[in-house]
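Here the protein sequences line up with chains D and E, keeping their order. The first sequence begins at 1 in our numbering and counts up one residue at a time. The second sequence begins at 1 in our numbering and counts up one residue at a time.
It is worth saying that the hints were derived from the structure and are not from the lab. Be careful, since some hints might not be right.
Each computed SDA-like pair below joins lysine to any residue, with the alpha-carbon atoms no more than 25 Å apart [to be verified]: (1) E:K183 x E:S212; (2) D:K206 x E:P11; (3) E:K183 x E:R207; (4) D:K557 x E:Y27; (5) E:K183 x D:Q634; (6) D:K628 x E:D237; (7) E:K183 x D:D202; (8) E:K238 x D:I133; (9) D:K135 x E:Y246; (10) D:K644 x E:S212; (11) D:K135 x D:W26.
Cβ-Cβ distance ranges computed for the label pairs, FRET-style [unchecked claim]: (12) D:L379 x E:K193: 38 to 44 Å; (13) D:A390 x E:R207: 56 to 62 Å; (14) E:R207 x D:L379: 42 to 48 Å; (15) D:I372 x E:G117: 39 to 45 Å; (16) D:P32 x E:S20: 32 to 38 Å; (17) D:K294 x E:S20: 41 to 47 Å; (18) D:L379 x E:R164: 36 to 42 Å; (19) D:V207 x E:G117: 37 to 43 Å; (20) D:T34 x E:S20: 22 to 28 Å.
Bear in mind that the values here come from a model prediction, so they are computed numbers and not experimental data. Even glycine gets a Cβ: it sits at the ideal position worked out from N, Cα and C.
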Amino acid sequence: MDKTWLYISILASVISIGVAVYLFFWVKRQDPGTEKAQEVASWIREGAQTYLKRLYLALTIVALILGFVIAIVFSFDLAEIASGQAAIQPLDGIRMAVAFIGGALCSAVAGYMGMSIAVEANVRTATAANESISKAFKVSFYAGSVMGLAMVGLAVLGMTLIYLITGSADIILGFSFGASTLALLAKAGGGIYTKTADIAADLVGKVEVGIPEDDPRNPAVVADNVGDNVGDVAGMGADIFDSYVASTVAVMLLASASATMDAKYVMLPLILCTLGIVASLIGIQFVRVGKDGKPGPALNFGTVFTTVIFAGMVVLLVLLSDINIGVLWATLTGLVAGIVIGFTSDYFTSEDRKPVYETARVSDSGAAINIITGFSYGLMSIVPSVIGIAAATLLSYNLAESSGLPGIYGIGVSAVGMLAISGMIVSADAYGPIVDNARGIAEMSGMDSQVIATTDTLDAAGNTAKAITKGFSISAAALTVLALFAAYIEVVTASGVEISLSLKEPIVVAGVFLGAMTPPLFSALTMLSVTHNAFDMIEEIRRQFRERPGILAGTEKPDYATCVDLAAQGALSSLVLPAFLAVGLPLLVGFILGPNALGGFLGGSIFTGVIFALLMANAGGLWDNAKKFIESGQFGGPGSEAHKASVVGDTVGDPFKDTAGPSLNTLITVMSLVSSLFAPLIAAFHLF
Amino acid sequence: MTVHLYLSLVPEALIASMLSPEEFGTYYAVGTEKKSSGQAIFFEVDPKFRSKYLRIPEGIARCVPHEDGTPKSSIYISVYRVLEHVDNSALGQLYLTTQDGRTLGLDATDVIPEMDGGLHLYKEIAPVSPLVASRLAPLDFYDLIVKNPTSLITLPAIAFAELRLDELARDPEMGEVGDLPYKNMDHLRGVLKDLITKPVATKMVDRVSPASISYRTVKNGFYVGNGQKLLYYPMPDKETLRENNYRWWRSANM
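Work out the full structure, taking the sequences as your base and the hints as a guide.
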């Protein structure tokens, strides 16, 4: 297997980016609707741009500082640094720094494209909904595909170019670290932003003043709609970009560190990603709303069909080349586990299943019972996913081993297999906030009730896609960090330090505890940021209603911009401490307690990170859907005691599912990457 | 500018205003300088109507534009025993305003709807506002309270709405609870059971029930009568409201 596959990867990624660009302009050519609808859309667009400018400015500063540190550190030959004889090779440092900045840049470009088209597609979807549901679905799904295809295209292009130019998997680690740094800022920042706006808008608008959701009289309504984009388009896109790249690089590192593995196994993850791109490009063409007018089955069909195409291509690859059959088993294991975990997440958050029904049913006994029930089902929802992850880990490990491949390589390949179809997964996920916004625009611009009913149907399918993606991304992140964990051990071992992770050693146990503590602490910090920022925004909304009574009477326009700015400023300034936890804490543990403790630290953080991420994503989704179920007229309907309790549950669940939960994937990935990146340095210099 | 007369049920008052019914509804629910009391339910009254008990001409005379030319929002003519002193024939549309100021107008009809049997739950709106369960259909309930009382309890006029009991109307013990503005379901089931097993026509469910009403819980419409005749203001069904009065329907479902 020569470099041909690398050229094919470049070609596939360029086609993927090309299709994304084509769809971008296709969506822009659609009818943008009435003047009023365009005006409302422009408020959301401007709000999103304000946030992106601030985010990318913050990222530029962080990237330059970290890039500088990386350039300095990697200018030394880290393998020899312990001997004090390390040669200085500035070119190595610069290459790593450039890869780091390239990773952040590619992720930023994909996020920017996704956001830019999402804020154009929302109004066009609402306008198309006036015509037919299938037209509206097409506009919103193709807009989501811009994000999906741009993301996988840029990721594969970046990684392949680096590998082609440098021939080193280590440099791609820098690319991955860059992508993860952006993902951490985008996901946690977007999560804080979106829930700050959502909670503040609901608490004052719905509870205090009594105006419905998406009412243009609410000063926070634009910030709320902007939040859907920054959290679910830019944030989720950056998150999957991060896992996608991290899983690929982990497998490449494992193969390159192995003395027994051929160079083709270093390239193999890139090949799998390329096949995933091709499968996604085909699968996207078959996602259509049929005569039944149901968008949910169309999205699910797209995911399953893409999976089948991808699996078929992997079978052909293995049969027609001399690649070990273990790769096929590991890939299939990852694919099946990803789909199963994704759909079991849906079970716990779906309105027609027992957990949501039961949580809604007991809500007339009060908010406490609603919360206890939802939380309990959230805890229970961990079980199938954890069993799925455990089964995928064991199966891929043993199947790879029995085929003559290192078991840990099999685990990594199963993660890559899961994420290879990210083009399709992200397309379905980014569709959600677009239709959510379309509904908001239809509401705010006074569109026909029929349009609103159509956007409601589209929106419900978006929520299911979102739940599936969350389950998918958490499980993929779990397998990815397991592979990164193994890569960390390989890098430390390659630095001449024998690593021991026995729980008999107190320093390892200390590391495990510290690591286990980090995801809960990170969750607390991000959720406290939401309450703190929401408090400020609530005061601002109250001030506007108080000082300008014409807003509520409908004779005066609220000051949307101040709320948008408050949310953006608050979200980004709240990121300092969580970002330090992700980047600084592993380094502190490593340099102070040593590589064994850091190994324990990573292990502890992976376990609690995965468990907390699953709990928060599923419990939050469950509370949200229990409220929606009651709002559909069940158990007393809107305004009933059951509804009031479910609103409390939903408000508690909001930062669970959209702020802390989804950011945990990125947290554990960033911590694993930082540890692997600085492992040689930590192996050489540590206090204990 | 035209001066309108409005008979508010929450609270009971006669008001002169230069605002149209929709503007008045928003003003009354949302206020201008500060948050007002929320939901409003009011009739438009024929401006030519006069009563010896109410100083209407004086109120209308005071209802003049402000110095800056803006219309006068409200001049209260009376806040006490208004319903009983306004002829049914003077009542125009009934307006239901949500707490965030969306207004829906309903037309009156003389035809009282056919009842499908079972028990009833009435939300009295004015002059008093308890929640009452009854074996009697709306017309009989009105007769009992206003025209032919069989107990000491009587009212000179009444405005009320029937709420949806759904399955509880026929099966108080086992019937599924629908959307009701009352928390203590065991108590409600007990009251409804008493109506079946004991020789009583009506029973109080909640004597301190708020004057406001959840519009979505209304079964079929509003009733108003003051001894002359009972007027019925039918409410469109949910589908019609969603289709034709989406903004109001949405606010009413909060």
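Now for the hints, and whether the structure bears them out:
1. E:K183 x E:S212: holds, 16 Å
2. D:K206 x E:P11: Satisfied, since the Cα-Cα distance of roughly 24 Å is no more than 25 Å.
3. E:K183 x E:R207: holds, 14 Å
4. D:K557 x E:Y27: holds, 17 Å
5. E:K183 x D:Q634: holds, 15 Å
6. D:K628 x E:D237: holds, 22 Å
7. E:K183 x D:D202: holds, 24 Å
8. E:K238 x D:I133: Holds, because 23 Å separates the two Cα atoms, which is no more than 25 Å.
9. D:K135 x E:Y246: holds, 23 Å
10. D:K644 x E:S212: holds, 18 Å
11. D:K135 x D:W26: Holds, at roughly 13 Å.
12. D:L379 x E:K193: 38 to 44 Å: holds, 40 Å
13. D:A390 x E:R207: 56 to 62 Å: At roughly 60 Å between Cβ atoms, R207 of chain E and A390 of chain D fall inside 56 to 62 Å, so the hint holds.
14. E:R207 x D:L379: 42 to 48 Å: Taking Cβ atoms as reference, R207 of chain E and L379 of chain D lie about 44 Å apart, which means the hint holds.
15. D:I372 x E:G117: 39 to 45 Å: holds, 41 Å
16. D:P32 x E:S20: 32 to 38 Å: Since P32 of chain D and S20 of chain E have Cβ atoms about 34 Å apart, the given range 32 to 38 Å holds.
17. D:K294 x E:S20: 41 to 47 Å: holds, 43 Å
18. D:L379 x E:R164: 36 to 42 Å: Holds - the Cβ-Cβ distance for L379 of chain D and R164 of chain E, about 37 Å, lies within 36 to 42 Å.
19. D:V207 x E:G117: 37 to 43 Å: holds, 39 Å
20. D:T34 x E:S20: 22 to 28 Å: For T34 of chain D and S20 of chain E the Cβ distance comes to about 26 Å; the hint holds.
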